[in-house]
Amino acid sequence: DTGVSQDPRHKITKRGQNVTFRCDPISEHNRLYWYRQTLGQGPEFLTYFQNEAQLEKSRLLSDRFSAERPKGSFSTLEIQRTEQGDSAMYLCASSLTGNTDTQYFGPGTRLTVL
Amino acid sequence: AQKITQTQPGMFVQEKEAVTLDCTYDTSDPSYGLFWYKQPSSGEMIFLIYQGSYDQQNATEGRYSLNFQKARKSANLVISASQLGDSAMYFCAMREPGGYQKVTFGTGTKLQVIP
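Residue numbers (the working numbering), protein chains in the order written: chain P, 6 to 119; chain Z, 29 to 143.
Derived from the structure by calculation, the hints contain no laboratory data.
Please note that a few of the clues may not be correct.
[Claimed, not checked] Chain Z is nowhere near these chain P residues, computed Cβ spacing over 12 Å in every case:
hint, residue
1, THR18
2, VAL24
3, GLN42
4, PHE70
5, SER71
6, ASP91
7, VAL118
8, LEU119
[As the list claims (entries may be wrong)] For each label pair, taking beta carbons as the anchor points, the in silico distance ranges come out as:
hint, chain 1, residue 1, chain 2, residue 2, range
9, P, SER71, Z, GLU45, 40 to 50 Å
10, Z, ILE142, P, ARG27, 35 to 45 Å
11, Z, ALA109, P, ASN56, 38 to 48 Å
12, Z, ARG91, P, THR43, 27 to 37 Å
13, Z, TYR82, P, THR102, 12 to 22 Å
14, Z, GLN97, P, THR117, 35 to 45 Å
15, Z, PRO58, P, ARG27, 36 to 46 Å
16, Z, ARG91, P, GLY8, 17 to 27 Å
17, Z, GLY90, P, SER78, 23 to 33 Å
Predicted, not measured: the structure shown is a model, and the values here were computed from it.
Heads up, the beta-carbon is just placed ideally off N, CA and C, and yes, glycines get one too.
Kindly generate the complete structure, drawing on both the sequences and the hints.
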């Protein structure tokens, strides 16, 4: 069990550029979540996958954001035409359907938009 | 209304002492789960402990215990024998039933352990 991994760990981009982040969940976990965390706040839910199906999206997820989990394993989060307000830590978590459904988090990708 | 309230932005504790981090929650559903996570300065959210709403006993995991008072809707985290490595942000979170088992986080408490 290698835990949840995310790539890259840090991304600096210029306003208007597109960025893509990758998340590899714990291998047997069927649920995958994306969160955004800004300074001084707890993580805020963005979207959720069960296997390859995207079942829920937050209102925080504007049209510039898209997420995929094509084979029910890794997931990507793309932000198009980045804005300075997109600067945040993007966290991925995974869980296994069950009694506690505990979410285990990756190290996050810190995005800075200049 | 806030679902999860952590009223202590920052706390100090002497090394080897115990510390309690407060968390209150708001839900009308009888079935829910409560979590505590630790976030060191490196950024990774580390799962610490879980308490289900129907669990009869308070959860414990090593030096961590959860003081669950259902009628008061509180789920305080107790860390015994604090260590310097416990210095971090601590987040309380609640999972409510629903299509994706939504988890809502509080704003966190920054704990600093003093040698």
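query: So which of those numbered hints doesn't the model satisfy?
result: 3
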